[in-house]
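Enquirer: Each chain, letter by letter, is given below.
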Amino acid sequence: MKNKTSFLPQEGEARPSRCPDNSAFKQQKLPAWKPQLTIETVLSSFFLIGAFCLSVGVCLILSANSVREIQFDYSDKCSDCSKLRENSSNWNKECHCSVNFTLKEDILGDVFMYYGLQNFYQNHRRYVISRSDAQLLGRNVNIQKSYCAPFTTYRNGTPMAPCGAIANSMFNDSIDLFYNLNSSVIQVPLLKTGNSWWTDKNVKFRNPKSYNLSSAFAGTARPPYWQKPVYLLDEEDERNNGYVNDDFIIWMRVSAFATFRNLYRRVRRVRQFADGLPAGNYTFHISYNFPVTKFKGRKHVILSTVVWSGGSNPFLGIAYVVTGTAATLTGFVITAIHLKLRKKKTYFQK
Amino acid sequence: SVEVIRLGHSYFINWDKKMYCAKRRTPAEARTTTLNEELGQVEYIFSDKTGTLTQNIMVFSKCSVNGHSYGDVQDVLGHKAELGERPEPVDFSFNPLADPRFQFWDSSLLEAVKLGDPHVHEFFRLLSLCHTVMSEEKSEGELYYKAQSPDEGALVTAARNFGFVFRSRTPKTITVHELGRAITYQLLAILDFNNIRKRMSVIVRSPEGKIRLYCKGADTILLERLHPINQDLTNVTTDHLNEYAGEGLRTLVLAYKDLEESYYEDWSERLHRAGSAPEAREDRLARLYDEVEHDMMLLGATAIEDKLQQGVPETIAILTLANIKIWVLTGDKQETAVNIGYSCKMLTDDMTEVFVVTGHTVLEVREELRKAREKMMDASRSMGNGFSYQEKLSSSKLTSVLEAIAGEYALVINGHSLAHALEADMEVEFLETACACKAVICCRVTPLQKAQVVELVKKYKKAVTLAIGDGANDVSMIKTAHIGVGISGQEGIQAVLASDYSFSQFKFLQRLLLVHGRWSYLRMCKFLCYFFYKNFAFTMVHFWFGFFCGFSAQTVYDQYFITLYNIVYTSLPVLAMGVFDQDVPEQRSMEYPKLYEPGQLNLLFNKREFFICIAQGIYTSVLMFFIPYGVFADATRDDGAQLADYQSFAVTVATSLVIVVSVQIGLDTGFWTAINHFFIWGSLAAYFAILFAMHSDGLFQMFPNQFRFVGNAQNTLAQPTVWLTIALTTVVCIMPVVAFRFLKLDLKPELSDTVRYTQLVRKKQKTQHRCMRRVGRVGSRRSGYAFSHQEGFGELIMSGKNMRLSSLALSSFAARPSAGWIETLRKKKGSDGSTAGSPSAAADKTLKV
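So the protein sequences, as listed, match chains F and Z.
To get our numbering, take the position in the first sequence, counting from 1, and add 1.
To get our numbering, take the position in the second sequence, counting from 1, and add 1.
Just so you know, these hints were derived from the structure itself, not from any lab.
Hints are not guaranteed to be accurate.
To be verified - Just a sample of chain F residues kept apart from chain Z, beta carbon distances all over 10 Å, derived:
id : residue
1  : S89
2  : A150
3  : G281
4  : H286
Stated by the list, open to error - Partial selection, computed: residues in chain Z whose CB lies under 8 Å from chain F:
id : residue
5  : F581
6  : A642
7  : L644
8  : A675
9  : P705
10 : A740
11 : L746
Said to hold, decoys possible - Derived SDA-like pairs (lysine to any residue); straight-line CA-CA distance at most 20 Å:
id : chain 1 : residue 1 : chain 2 : residue 2
12 : F       : K35       : Z       : L573
13 : Z       : K211      : Z       : R288
14 : F       : K27       : Z       : E30
15 : Z       : K334      : Z       : P448
16 : Z       : K745      : F       : N203
17 : Z       : K462      : Z       : K480
18 : F       : K210      : F       : P160
19 : F       : K84       : F       : R69
20 : F       : K35       : Z       : L746
21 : Z       : K18       : F       : V100
22 : F       : K295      : F       : M171
23 : Z       : K745      : Z       : I613
24 : Z       : K258      : Z       : S269
25 : Z       : K480      : Z       : A499
26 : Z       : K18       : F       : F26
27 : F       : K193      : F       : L182
28 : Z       : K460      : Z       : A425
29 : F       : K35       : Z       : W673
30 : F       : K27       : Z       : R589
31 : Z       : K745      : F       : T39
32 : F       : K297      : Z       : E409
33 : F       : K78       : F       : K94
34 : Z       : K745      : F       : L31
35 : F       : K35       : Z       : V739
36 : Z       : K24       : F       : P21
37 : Z       : K462      : Z       : D426
38 : Z       : K745      : F       : M171
Where a beta carbon is used, it is the ideal one built from N, C-alpha and C, also for glycine.
So that you can see chain F by itself, here it is in the shape it has in the complex (with noise of 0.2 Å):
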């Protein structure tokens, strides 16, 4: 016993031990939550997310309801105007369709009007890459190496400002709402600014820089689908034209699905609007260029109130009360489950 207990110590000096630290991690001794499902904590769960979605569910179904919404489907009702852009070599000729409608109550609030578009797959992958965005940023650059082809330059190499399929394809029917008073036709007063997200319309879409609008974009050419210039698509507001158009900039920001609805135009709260469109007789007044027929699209124009949930979809709202209903029931079969296997644990425990 005395040379061992003399021996190791030797060794131990000699080579330096190769014993594993005793640290907590080392030894996956590591301090730890270890959460477990209890029949308390999912229950709980349950009810309270149950009546979370419920409460939620019920609050969006309600400010969903008070939402007004009005849709017009207007690709049938200009039909002459859909026949005449159905050959494009008319592009040129202007068109003009109205739609009458009555309101029976008055919109009161902040009303939105916009363009609606059915079966236009802005989401195709080819169509959602044919942009510049450098170019669309006011930069000079080379949008051969862009993915905007076909829609890139003309024969004759005149490049296109804004290029791409997007851009070329802008939605470009206008549409004017008129109030009918008293047999006097009153213009309603439309914004076409701030419609677009403030971070597109101050960062990401730029004017190339000039002293002037048309001399920066000399040299380029309008994209094939567009009657006028892109330097003149707002000839009134300077803020308003070349890349940083509103309209421009809420078309190119491209939808998820085919079906969708851009925002056109905010009805200005001045004199007879001032709380929203009161009831009456309306008119739209839709200069028809955009066509649709082709690929069986349909355009609508609609009229919406918002509110903090935004605009009329009962999809959220339903959806929460379904998940809350379910919830709350999946809690009560769990319940009945778990009570009713109860008495066998005990059993089995025996």
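Put chain Z on the given structure of chain F with help from the hints.
Expert: Chain Z alone, transformed into the frame defined by chain F:
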């Protein structure tokens, strides 16, 4: 990332302090990183014996002299001592020649020696004379014995410590220090050991001139050759032998016989003639030996412990409970192997039957295997269904959880038979038989056969096999098995080099399998499940989107989200889970080896689990797409602007995906260490940080064509609708999972820790109530004398040829201090005992009377 997890697990194995052997200064070492999870699925362990199960050290542990048993550890009152109250070992300081490493706990034996009990003296005299050990005295009083077999060395050392010191031998004499007096005996003859005789004798002439034959040998042989007047003593000694055998000790019976001078002269004359006879020399000698070793007087019996490595019986017991079948493949002889089988609890007397296959021809082997199978079939048939039902009811009362309905069987097969059994037409037959048995011992097998056996099981059983061994002869086996474990011991490093894991003690195997293996398997399964889940949830959204974008391969997410999803947003939490997760603490998995079973049955990741994961992923992806779709279609923002633009949709889906997947990992993680917290919360934080960075003005100004999502995050995520959508998606994706998990836990709680806990606490209480009883063994006594011994050394000594060559490479031995395992063993025996059948209990009573 799978590799990272495996690497982590390997490091945990290397770092495990509980697998570090202080004595050899070797930590466990995972030499491969790819097999960790298979450690959790092992069904068959193939083990070498020597150096793996045993230390190859023999220790004299008990003896019975003239009907009195010595060697039990006793406390002051003379009761058998329990573990933990072990008294000091016997003090041998009176004897300057004593081996300091020898330990014995029963001082009454030494007292008997000191009191001069003639029987005890004769007993030790025999031990000091009747052997073929060589001694070497390097300096005065420093004796070294070179024994051919460690058993013999142990016996001679025991005699040495009790004052009968074998000093030296010449071809014709043996010098013994008997209690300080040097006495030289004249060595007249050595009647050598062989396998048939199973005994050896010496004939010596004492200084007084008396001629005496001392004999030691296997009890079965020797007890038949005793003088009839020994009958009473024989009965008592037989009881003692049974007792020893029950503890897994190797027993030997010692006897002597006084020879008349004239008879001896005559006999030695005949011996001489027989020795020089031209033919049938062996036969003649054997007959002569037989003649003289007759009518002997019984002296007593010895019990030698083939020292197992620390914790071997416990390890084997636990591994057996974990439903792992252990096959011992050894080059040793059948008796030795069986003996070890008993002492390390692989074989027990509670077993219904131990089949021994020793046939030398194909037909014999086939017949033996067939018989064994028939017996098992009969037994299970006769027990019938009623029995199995009953057994289920009473299973909690049984210590061994793994009762096969048909009872417990063991198979012992030796090398010759194995060679036939491994032939192509019989291997299936052999395997079926062997797998029906709880324990299989193959003895006298060659290294190649070891590998063949492993190969056989691998081929037909589709189970994960593990081979453990320490020597070069195990290398083939280690390489063949799925997992090879090398014991870094005395026998060189070939085994270690060929192995996947190495450590220095067999007992670490239980920790490697039950703790590390189980955890690795669990973690890997959880990781894989989650991995498939999150990727399906991520990818399938595109599939659904395809229906709405004209199958134009438009991605739902931002390209950077796609790039970073798997490497940043969701990689670290699942990695942390894969590395750190623990379902039950390590002590529990050792306490309840049953926890190991899901791994063997591959319950945690099979086709079913895989499809469940995928289904969950698809379910998530459906909700992930269609809830935002429902919300976004025709919806507008609270400021009237358009909501359903592609980029907002992308951000919404991506955000809800990251959140759902993070909540899911939180649900999967059962062991939240600080690292898990950091990774999970960190991933979420990183997602939002990166999101806002990617959508920032600065990056857009630099690369307008690359970062076209500019301003999207702040615009979209400012919308209450978007957040409500994300919340709804999360709730709808997670709640069903919670419900199903809870119901599974509630209805099928076999894996639930709590239920298992109560179940096993109950079992533990039962074990405590059980009285500790010793159990005798009837009819399975095993005499282990020097079966690793070879014939011919007696002759060599007598011829004196090797006297100068005594330092030949004979296997040296050392009697190590006997550790506490005898007690452990006895305790175990006691607890096992209560389940033993009535015959052994009856034997127990007779013993006590």
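Enquirer: Taking only the CA atoms, is the gap from K480 (chain Z) to A499 (chain Z) under or equal to 20 Å?
Expert: 6 Å, holds
Enquirer: Below or equal to 20 Å on CA atoms is what counts here, so check K258 (chain Z) against S269 (chain Z).
Expert: Roughly 16 Å between the alpha carbons, so the hint for K258 (chain Z) and S269 (chain Z) holds.
Enquirer: Does the nearest C-beta of chain F fall within a distance shorter than 8 Å of the C-beta of A642 (chain Z)?
Expert: Holds. Min distance 5 Å.
Enquirer: For the pair we were handed, K35 (chain F) and L573 (chain Z), check the Cα-Cα distance against 20 Å.
Expert: 19 Å, holds
Enquirer: Decide if the proposed pair is consistent with the structure: K745 (chain Z) and M171 (chain F), CA atoms, cutoff 20 Å inclusive.
Expert: 55 Å, violated
Enquirer: Are K193 (chain F) and L182 (chain F) close enough, with their CA atoms no more than 20 Å apart?
Expert: 23 Å, violated
Enquirer: May I ask you to test the interface hint for A675 (chain Z) with respect to chain F, counting a Cβ-Cβ separation under 8 Å as satisfied?
Expert: At about 7 Å, which falls below the 8 Å cut-off, the nearest Cβ of chain F leaves the hint on A675 (chain Z) intact, so it holds.
Enquirer: Just want to verify: S89 (chain F) was marked as not at the interface with chain Z; is every Cβ pair farther apart than 10 Å?
Expert: The claim stands: S89 (chain F) keeps its Cβ more than 10 Å from every Cβ of chain Z (closest is about 23 Å).
Enquirer: Taking the closest Cβ pair, is L746 (chain Z) under 8 Å from chain F?
Expert: 6 Å, holds
Enquirer: Between K35 (chain F) and W673 (chain Z), is the straight-line Cα distance small enough, at 20 Å or below?
Expert: 6 Å, holds
Enquirer: Quick one, are K745 (chain Z) and I613 (chain Z) close enough, alpha carbons at most 20 Å?
Expert: 14 Å, holds
Enquirer: For the pair supplied as a hint, K78 (chain F) and K94 (chain F), confirm whether the alpha-carbon distance does not exceed 20 Å.
Expert: 18 Å, holds
Violation of the numbered hints given earlier is confined to hints 13, 16, 19, 21, 27, 32, 34, 38; the remaining hints are satisfied by the structure.
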